[in-house]
Amino acid sequence: MKHRIVLTVCIALFALGLIGSAVVLLMPKKSTVVIRRDSEVLYTFNLSTAPDQTLVIPYGDSSNTVEIRDGAVRVKEAECPDKTCVNMGWLRSSAMPIVCLPNHLIIEFADADRGVDAISE
Amino acid sequence: MKARRIAELAVLTAVALIIFIIELQIPNPFPIPGIKLGLANIVTVYAVYRYRAHEVAMIVAVRLLLGSIFGGNITALIYSASGAVLCLLGMLLLRRIIDERHLWTASVLGAVLHNTGQMAAALAVTQTPGLLAYYPFLLVSGCLAGAFTGLCVQFMLPRLNKFLEKKKE
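Chains as they are written, first to last, in the numbering used here: chain A, 1 to 121; chain B, 1001 to 1169.
Just to be clear, a hint being listed does not mean it is correct.
[Stated by the list, open to error] Here are the in silico distance ranges between beta carbons for each label pair:
| no. | chain 1 | residue 1 | chain 2 | residue 2 | range |
| --- | --- | --- | --- | --- | --- |
| 1 | B | Gly1072 | A | Leu42 | 49 to 59 angstroms |
| 2 | A | Leu42 | B | Glu1100 | 44 to 54 angstroms |
| 3 | B | Ala1124 | A | Tyr59 | 10 to 20 angstroms |
| 4 | A | Ser31 | B | Leu1066 | 16 to 26 angstroms |
| 5 | A | Trp90 | B | Arg1096 | 39 to 49 angstroms |
| 6 | B | Leu1093 | A | Leu16 | 42 to 52 angstroms |
Derived by calculation from the structure, the hints in this document are not laboratory data. Virtual Cβ for every residue (Gly too), placed ideally from N, Cα, C.
Please construct the entire structure, taking both the sequences and the accompanying hints into account.
Printed below as a string of structure tokens:
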């Protein structure tokens, strides 16, 4: 009956995943956005006041083009092979950052009090 | 190692690579890094149940290295490699517990372990705890993809065994 236990573990993992996904998707937006390369902060924005703009963020030979429009942020273009960050669309959940693993780029919501070096306020 | 054994391992590796490269051509509808069908792991799961531990490790290592070169995404190697190591260790233990008739559950756990390894590597490289938010999605996709590849192997095994026996006669 060992496989029964394994089957139960499988089902439990699946259920856990479903619940976790729902929790992540329901996390609300915040107004402060941070763009980072690994742990180094490149940009901080307040989305409610930031003007519409596009930023080209180079990484070696590669680059990501980040667009800020109507108080939302996304990766518009990327030179990485998989384009996952582009396909993720606009940043929606505070629990789920947009990441470009090949270029080590992370775009996520942050708490406002940490955004001391905001460049566009 | 016998020449026949080496040839078998080489054929399996080649099949895995072909599946891997064909899968690269299928557009991925899920915009989350790490989510994949992982069809090439059909070969891995089969090998886990048919070959010795070091032989499986050889197949997977060559597949990973050549796959990342052919696929043109060498930076992703660190994620897939750490996933594969964890997955292999787990599945080699699981094959002692789970017999071939329930093989697909071993495959599910293997897939989840693969995603766990990937996630750990991504956390270590980017130092971003926020990435953990992807983990639930990886769990769901890992369970589904693992069940699919596991069932593929389960349906394939009896046919392949029949075929191999005929060859030997």
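Here is what the structure says about each hint:
1. Gly1072/B - Leu42/A: 49 to 59 angstroms: At 26 angstroms between Cβs, range violated.
2. Leu42/A - Glu1100/B: 44 to 54 angstroms: At roughly 52 angstroms between Cβ atoms, Glu1100/B and Leu42/A fall inside 44 to 54 angstroms, so the hint holds.
3. Ala1124/B - Tyr59/A: 10 to 20 angstroms: 19 angstroms, holds
4. Ser31/A - Leu1066/B: 16 to 26 angstroms: 46 angstroms, violated
5. Trp90/A - Arg1096/B: 39 to 49 angstroms: 47 angstroms, holds
6. Leu1093/B - Leu16/A: 42 to 52 angstroms: At 21 angstroms between Cβs, range violated.
Violation of the numbered hints given earlier is confined to hints 1, 4 and 6; the remaining hints are satisfied by the structure.
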